[in-house]
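J.: Kindly generate the complete structure, drawing on both the sequences and the hints.
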Amino acid sequence: MSEINKTYDSTIVENKWYQHWLERGYFKSIPDDRPAYAITIPPPNVTGILHMGHMLNNTIQDVLIRTARQKGFNACWVPGTDHASIATEAKVVGMLREKGIKKSDLSRDEFLAQAFEWKEKYGGIILEQLKQLGASCDWDRTSFTMDPNYYQAVIKVFVDLHKKGYLYRGFRMINWDVVAKTALSNEEVIYKEAGEQSQMYSVKYAIDGAEDEWVTIATTRPETIFADTAIAIHPEDERYQHLKGKMAIVPIINRKIPIIFDEYVEKDFGTGCLKVTPAHDPNDYDLGLKHELEIIDMFNDDGTANEKVGIDSYIGLDRFVVRKKFVKELEAEGFLVKTETITNKVGRSERTNSVVEPKLSFQWFLDMQQISKRALDVVENDEVALLPSKYKNTYRHWMVNVRDWCVSRQLWWGHRIPAWYLEDGRFVVAHDEQEALKKAQDEFGLADLTLSDLHQDEDVLDTWASSWLWPIEVFGGFDEAYDEQTGKIDFDKCPELRYYYPTEVIVTAPEILFFWIARMIIAGLEYTDEIPFKTVYLTGIVRDKQGRKMSKSLGNSPDPLDLIKEYGADGVRFGMLASAPAGNDILYDDKLVEQGRNFSNKLWNALRLLKGLEVKSGHDESLKTVFEWMDSRIAQVTIELERLVDEYRLSEAVRLLYGFIWDDFCSWYLEWIKPTYGEAITSDTLERTHQYFEQAMVLLHPYMPFITEEIWHSIHERKEGDDIFLQQYPVKGTVNINAIKAGDQLKSFITTIRNARAKALVSPKEAVKVYVSCKDTSVYQSFKETIMSKANVSELIFESPQDSKNMISDLVGVDKVYIDMGLTIDVEAEKLKLEEEIKYYKGFIISVEKKLSNERFVQNANPEVVEKERQKLADGIEKLKNLEEYLLAL
RNA sequence: GGGCGCAUAGCUCAGCUGGUUCAGAGCACCUGCCUUACAAGCAGGGGGUCACAGGUUCGAAUCCUGUUGUGCCCACCA
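When you read off a place in the first sequence, starting at 1, and then add 599, the result is the number in the numbering used here.
Check each hint, because a few of them may be wrong.
Here are the simulated DSSO-like cross-link-like pairs (lysine-lysine), alpha carbons at most 27 Å apart as the crow flies [to be verified]:
#1 K1346 x K1223
#2 K720 x K1164
#3 K670 x K1318
#4 K1273 x K1215
#5 K1430 x K1374
#6 K1389 x K1364
#7 K1432 x K1374
Simulated DEER-style distance windows between Cβ atoms [to be verified]:
#8 K1450 x G1277: 33 to 43 Å
#9 E1042 x E932: 48 to 58 Å
#10 D1041 x E716: 32 to 42 Å
#11 D900 x D1091: 41 to 51 Å
#12 K1450 x Q1401: 55 to 65 Å
Think of the hints as simulated: they come from the structure by calculation, not from any bench.
Using N, Cα and C, we set each Cβ at its ideal position, and we do this for glycine too.
T.: See the structure below:
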C-alpha cells in the first residue's frame, strides 16, 4: 500500500532538517521588539568530547529554547567553549610527550603555539557533536573564554579587583597538584576514602637529655617526619607536664625539636602527642606561625624529596617511595611502635587524580567576604531561583562559610596574571606592559625604569576566574561598555547586553554550583548590579544501571553519537528527558532511549496510516462527539503542558505528550475514525485529523524536533518557509468537561466489551450483541456507529434483555451493560463474582456513609469534597442496586 | 563531626498546596493475537500495609517527631 517505510529512519531525516534550519538561519537571534529569552550554554572544555551529561544538559536547554521560540520570545542560545586551563594543558603536555617533547624543553610562547594549534585542530569538536543532538544554538555567537575580547575582559576584571583591594598575594598553604605542578582551589580537591590502603603509624621520639624516655605520636604521613619542627601536647595533659621546656629528638634524623603546648591538640586522641610539620600540613602551619617554629619544606614541586631531608639516599625519591623506605628504616631501628589500618580521607586533584600535597607558596587570592555578600541575598530571596530548591541550603552553607579563592595557577595555558615585578619583589598590576611600566615608574618614583626591569607573573588564572564572566562577556559586556573608573558596565553602551541580560535560565550539574554558578552571580552583581540569570536548573548526574557515575575510566558510558545513530536524536532526547526531573540523578538504561525510539516509530506509523487512506468527499456526522472529545483533550493537554513547562517539569511534560499521543490520539482516536477496511475516509474527517496531528506535533516539537518537522512536511505539501520550527503555540481551545466525560465513557464501554471477550476467550472477530440499560443513553446513542463498528457489535439495544442468563453483565460507571456472546455462562461462577462485588460495594457504602454522617467532616471539609463524597455514595448505591438486580436475574 | 536529601509494584521512578485524576507510569512478567499504520505492535491481566513506630486531623503516601537504611555536600582531627 504505502510507499512509506514501515519503520522510521532517523539518520537521513535528522541531517536533512538540521541543515535546513541552519540554512534558513532559524537559530540566529538579533535584538528586536519581541521579549528576549536567552540561555548561555555551560561552555564545555574546548578539548572535550560529548558525554551523557552533556546530552541531558543540552537537551533540556534545547527544549526550553525551542519552547520559548514557539511562545513568541526572541530566543537566543549562546554556545561556546571553555579553555579549561589544567585539563587542556594536561592534554597538550600529554600530546607533546607522545612526540617526545617535554614541556620544559619549550619556551612559554612555543608551548602556547603548540596549544593553540591543538585547540584549532581538536577544539570545538564537541560543538559539532551537539548539532547532531539538534541543539538550536546561535552558532554565529560561539564564544571561547580565550578569545581576544574575552581575554581582555578577564584582565580588566583582574585589574579592577586588585584596585578595589579584593585581590591579594599571599604566602599560604595551598593544595598542590604534583603532576600538573600547580596550585588548586579548595573546590578542585576531591576527598575520597583511601580505604584499606591507609595506614596509621605510631612512632616514638626520644626526649632530649633523658634516659630511655619517649613520646609516641601517630601519623599517616611518616615521610614528613623529616620536616618535623616540634612535638605538640595539650597544655593541661597531666601525663606530659614534666616535658614542658624539653626537646625531643627526631628519630633517625637526630634533630632536636621543641616540645610545645597548645590547646589545639586533643588530649583524648591517640597518645595526646602530635608531630608538627609546618611546611606540609595546614594546621601545623598555623601552629608553626603561632609558636614561631622553623619551617622545613622537604618536597620539590613534583612531590619528590629535596636536600632538606638531610639524608642523601632519600633525595629525589617520590614522597610515597620515601614513606615506604623510611617506615622500613624506622622499624629496623626500633622507632616504629605499631602500624594500624584505618579509614581516612585523602584529597586528590580533580583533574589529574594525584594525591594533593599541602604546600606553602605565594599565590593570588580573591577575598570573598565582601564581594560575595549580595550573591547570598539574591538566592535567599529567590531573585535567583535554584531548582530544585533544596540546593538553596547547600548554597547558603557555602556562601556563609566562603573562603578566599586561590586564583593563580602555575600553568601556561590561560589568562596570564597581569602583575609585573621588580627585581626586589615589588609589583604593579596593569592592563599591559606599557601601563605597568608607567605605573611602576610613578608609584615607586623610579623614572628611569625600563621594560627590561619588569618581569610579568609567570602564572595564569584559574579557569573559573574567566568563566564567571560568561553571561556578560558572550554579549560583549566588557568590550565597549565597561567603565574602568566605576568598575561597572554601562548598559546604555551595550544594547546587546541590555536586551538579553539577565538571561533566563542556566542549566548545569549541581557539582559546579560553587565553581561556577555562585561565582557568576558574584561577578554579575559586581559588574552589572544585576543577577546574571533568573533560574538555575540543576540537572542530575547520569549514572549507569548500578548507580555508578559514568566515567571514561570505568568505561560504563555509552558513546552518545552511537546512541543517536541507533535510536535517533529524537529517541535519545526523549529517553533522557522522560526520566530526569530537575535534580534527580538518572540511572541510564538503554530501555529509556528505546522507548523514545519506539515512540518515534509510533508517530511515523500514525503518519503512514493517514497517508495510506482512500479519501472521498463529505463528512461524518456520526463522529461529531469524537471530534468534540478530541478538541477538548487537545485544549486540556495544551494547558497542562504549558503549566508543566513553566514549572520546569520537563520529564512530566514529555510523559504527558507521550500518553496523549500514544493512547488518546493513536490508540483511541485514530482507531475510531479509521474507516473499515476497503472503505474511504471522508475528506472532512481526514482534514480534521491532520489538524489534530499537526497540533500534537507542534506541542511535541521542542522535545523531538526532527521527526515532528518531518511529519509536518509529510502531512501536506508546504510552502517555502512553512516549517514546524517556526510554528507558534496552538491557541488554547476551551475544555468541555462533558465532551471529555463522554469520551471517557465511550472508552470504558469499549473496554468492558473487550474485557468480556478476553475473559471468555472470544475472538474480537466474533460479533456480539449488547444491551445497555440506564437513565440517559444519549452518549451511547451519539457514539452508536463508532461502537458498533469498532467493538464489533452486531446489535446495540438500549434496554434490558428479556433473559440475561447467558450474558455477561457488567457496569460502565453506573450503567448496566449486558453482552450476549452466544455462550452458555457458568451461572455459579458468575454468581460468585457478583456476590464478591456486592460485598465490596456494601463495605464501600458503609464507609462513605460513616464519613458523611460525621458532623465534623461535613462542617470542616471543603464543600466540594463533601459534594464529591455524596456523589460517591449515590453512585455506590446505584451500582449496588444494579449488581443485586444482576444476581436476581441469574 | 556538621548540613541537606531520599525510602511508593520485581526494576527505575511520578504523585505539586492533606480529601476518586490517590495508590500511578515506563520497563519487566503472564495470557491471547503476524487484525489491513505500527510485533519497535495490539488487546487483556497479575503485582504495593506507600521503610518502621508514634503523633496531629473528621480524614495521612502526603504534615510533625523518633528509629532504621541509604545517598550527597561541607569540615583541619594527627
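J.: Would you mind marking each hint as holding or not holding in the structure?
T.: Structure-based check of each hint:
Annotation: proposed proximity of K1346 to K1223 holds, straight-line Cα distance about 16 Å (limit 27 Å). Proposed proximity of K720 and K1164 is supported: the alpha carbons are some 25 Å apart, at most 27 Å. Restraint check: the Cα-Cα separation between K670 and K1318 comes to about 22 Å, which is no more than 27 Å; the hinted pair holds. Restraint check for K1273 and K1215: the C-alpha separation of about 13 Å stays at or below 27 Å, so the hint holds.
The hinted pair formed by K1430 and K1374 meets the criterion: a straight-line CA distance of about 25 Å does not exceed 27 Å. Restraint check: the Cα-Cα separation between K1389 and K1364 comes to about 11 Å, which is no more than 27 Å; the hinted pair holds. With a CA separation close to 25 Å, the supplied pair K1432 and K1374 stays within the 27 Å bound. At roughly 55 Å, the beta-carbon separation of K1450 and G1277 lies outside the given 33 to 43 Å, and the hint is violated.
In this structure, E1042 and E932 meet the distance hint of 48 to 58 Å, their C-beta atoms being roughly 57 Å apart. Remark: the range hint 32 to 42 Å for D1041 to E716 is upheld by a beta-carbon distance near 40 Å. A hinted range of 41 to 51 Å holds for the C-beta pair D900 and D1091, which are about 48 Å apart. A hinted range of 55 to 65 Å for the beta carbons of K1450 and Q1401 is inconsistent with their spacing of about 40 Å.
Checked against the numbered hints given earlier, the structure breaks hints 8 and 12 and satisfies all the rest.
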